[in-house]
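With the hints as constraints, model all of the structure from the sequences given.
Chains as they are written, first to last, in the UniProt record's numbering: chain D, 1 to 195; chain H, 1 to 195.
Please keep in mind that the hints were generated in silico from the structure rather than gathered at the bench. The structure displayed is predicted, hence computed values, not measured ones. Certain hints may be false.
Identical chains blur together in the list; that is why a pair holds if it fits in one copy or across any two.
To be verified - Straight-line distance between alpha carbons at most 27 Å, and here's what the computed DSSO-like set of lysine-lysine pairs gives: (1) Lys153 x Lys15; (2) Lys13 x Lys97; (3) Lys184 x Lys13; (4) Lys97 x Lys123.
There are 2 protein chains.
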Amino acid sequence: MNTINKQSGVAFKLKKGQKLRVIDPQGEQVSDMVLFNANDILEKISSGKTLDFEENILITAGNFLWSNRGNKMMEILEDTNGRNDFLLAPCSPETFKIMYNIDDYHPSCFENLHTSLAPFGIKSDDIPTAFNIFMNVQFDQNGRLKVLPPLSKAGDYLLFEAQMDLIIALTACSAEDSNGGTFKPIHYEILESNL
Amino acid sequence: MNTINKQSGVAFKLKKGQKLRVIDPQGEQVSDMVLFNANDILEKISSGKTLDFEENILITAGNFLWSNRGNKMMEILEDTNGRNDFLLAPCSPETFKIMYNIDDYHPSCFENLHTSLAPFGIKSDDIPTAFNIFMNVQFDQNGRLKVLPPLSKAGDYLLFEAQMDLIIALTACSAEDSNGGTFKPIHYEILESNL
Numbered sequence: 001m002n003t004i005n006k007q008s009g010v011a012f013k014l015k016k017g018q019k020l021r022v023i024d025p026q027g028e029q030v031s032d033m034v035l036f037n038a039n040d041i042l043e044k045i046s047s048g049k050t051l052d053f054e055e056n057i058l059i060t061a062g063n064f065l066w067s068n069r070g071n072k073m074m075e076i077l078e079d080t081n082g083r084n085d086f087l088l089a090p091c092s093p094e095t096f097k098i099m100y101n102i103d104d105y106h107p108s109c110f111e112n113l114h115t116s117l118a119p120f121g122i123k124s125d126d127i128p129t130a131f132n133i134f135m136n137v138q139f140d141q142n143g144r145l146k147v148l149p150p151l152s153k154a155g156d157y158l159l160f161e162a163q164m165d166l167i168i169a170l171t172a173c174s175a176e177d178s179n180g181g182t183f184k185p186i187h188y189e190i191l192e193s194n195l
Numbered sequence: 001m002n003t004i005n006k007q008s009g010v011a012f013k014l015k016k017g018q019k020l021r022v023i024d025p026q027g028e029q030v031s032d033m034v035l036f037n038a039n040d041i042l043e044k045i046s047s048g049k050t051l052d053f054e055e056n057i058l059i060t061a062g063n064f065l066w067s068n069r070g071n072k073m074m075e076i077l078e079d080t081n082g083r084n085d086f087l088l089a090p091c092s093p094e095t096f097k098i099m100y101n102i103d104d105y106h107p108s109c110f111e112n113l114h115t116s117l118a119p120f121g122i123k124s125d126d127i128p129t130a131f132n133i134f135m136n137v138q139f140d141q142n143g144r145l146k147v148l149p150p151l152s153k154a155g156d157y158l159l160f161e162a163q164m165d166l167i168i169a170l171t172a173c174s175a176e177d178s179n180g181g182t183f184k185p186i187h188y189e190i191l192e193s194n195l
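What follows is the structure in structure tokens.
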């Protein structure tokens, strides 16, 4: 079992067929995830393709995460919580400036994603909209969005299976409103292929 | 007044302060739009940033279109129809294969966007989720998405003002379901700055 410390991030490779479990050990903690094709980093996770091909805003068990080239990157095999977000960009320095009026330095998923991915040759401008695991973004019929505390309880997890060789970055999210006001770690483990 | 023929696309520059009017001349016709910073094409329109900062899925008059770097790219000054989509990826060869079971060649917004943008050094992998003008994507509280015919009537338009120097690509959308089953042209005009 691996730990992502609060307000930080990691990046690693996952081979096709391997599984990834992302766990919220204490509850109410978001983890932003981005995916790149390990053999060609110009192919990456796409919110637009995923919502289009899965015909749903709410992505959970049974859904696939799709790339900008229209290929399956991951399948979600299990989701014990069931509420994730794929609408909103990772929190960034601009998020804290524009949405929270914080001008001083503030840790962010955006920084944690691109600094973790730098050793793989991935730059800050390459970071797409992340799949925001456990993030609870509510919407009404007028489209209004509200970020509420995650519904995840201690031990809730998602289990993913890689559909291609991947570079993955994962965070323990740094935004106050997204995490019920406190920052907690995220756990993850890599499970070998059954093949 | 400029015409985008049915199932085709164009790309052009718009200077900060100039205005762009995109018109549906016959009604029920979608136009996909992507934006790049004319001075640095690594900065481009971001659905995730726009939905985040505007706190709404339904982007219309009074909203801004934001970049991946968290800068304002355009303001929507007027929108006589009021229903646009910023969830779904541009229709692409994969869309027609996966969603429509069409294996033969089919024109697509994706192809029309990246071929129009090629002279500016923009490649197919650089195409982000487009702002889909007049596209009528309905969602329910369970997140289920349905593509319905546009609500736009003949002459409906959106008026945008550039917040930075832009490269813009626009299409007359090629997907049957998005356009009420028939393909029509899109009109656009560039209006000079009042400054």
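Hint check results:
For the homomeric pair Lys153 and Lys15, neither the shortest alpha-carbon distance inside one copy (29 Å) nor that between copies (50 Å) is at most 27 Å. In this assembly of identical chains, the alpha carbons of Lys13 and Lys97 never lie at most 27 Å apart, being 33 Å within a copy and 30 Å across copies at closest. Taking identical chains as interchangeable, the C-alpha atoms of Lys184 and Lys13 lie at most 27 Å apart only when both belong to the same chain, with a minimum of 24 Å there against 46 Å between chains. Taking the shortest alpha-carbon separations for Lys97 and Lys123, only the intra-copy value of 22 Å comes in at or below 27 Å, while the best inter-copy value is 32 Å.
Hint check: violations occur at hints 1 and 2; the rest are consistent with the structure.
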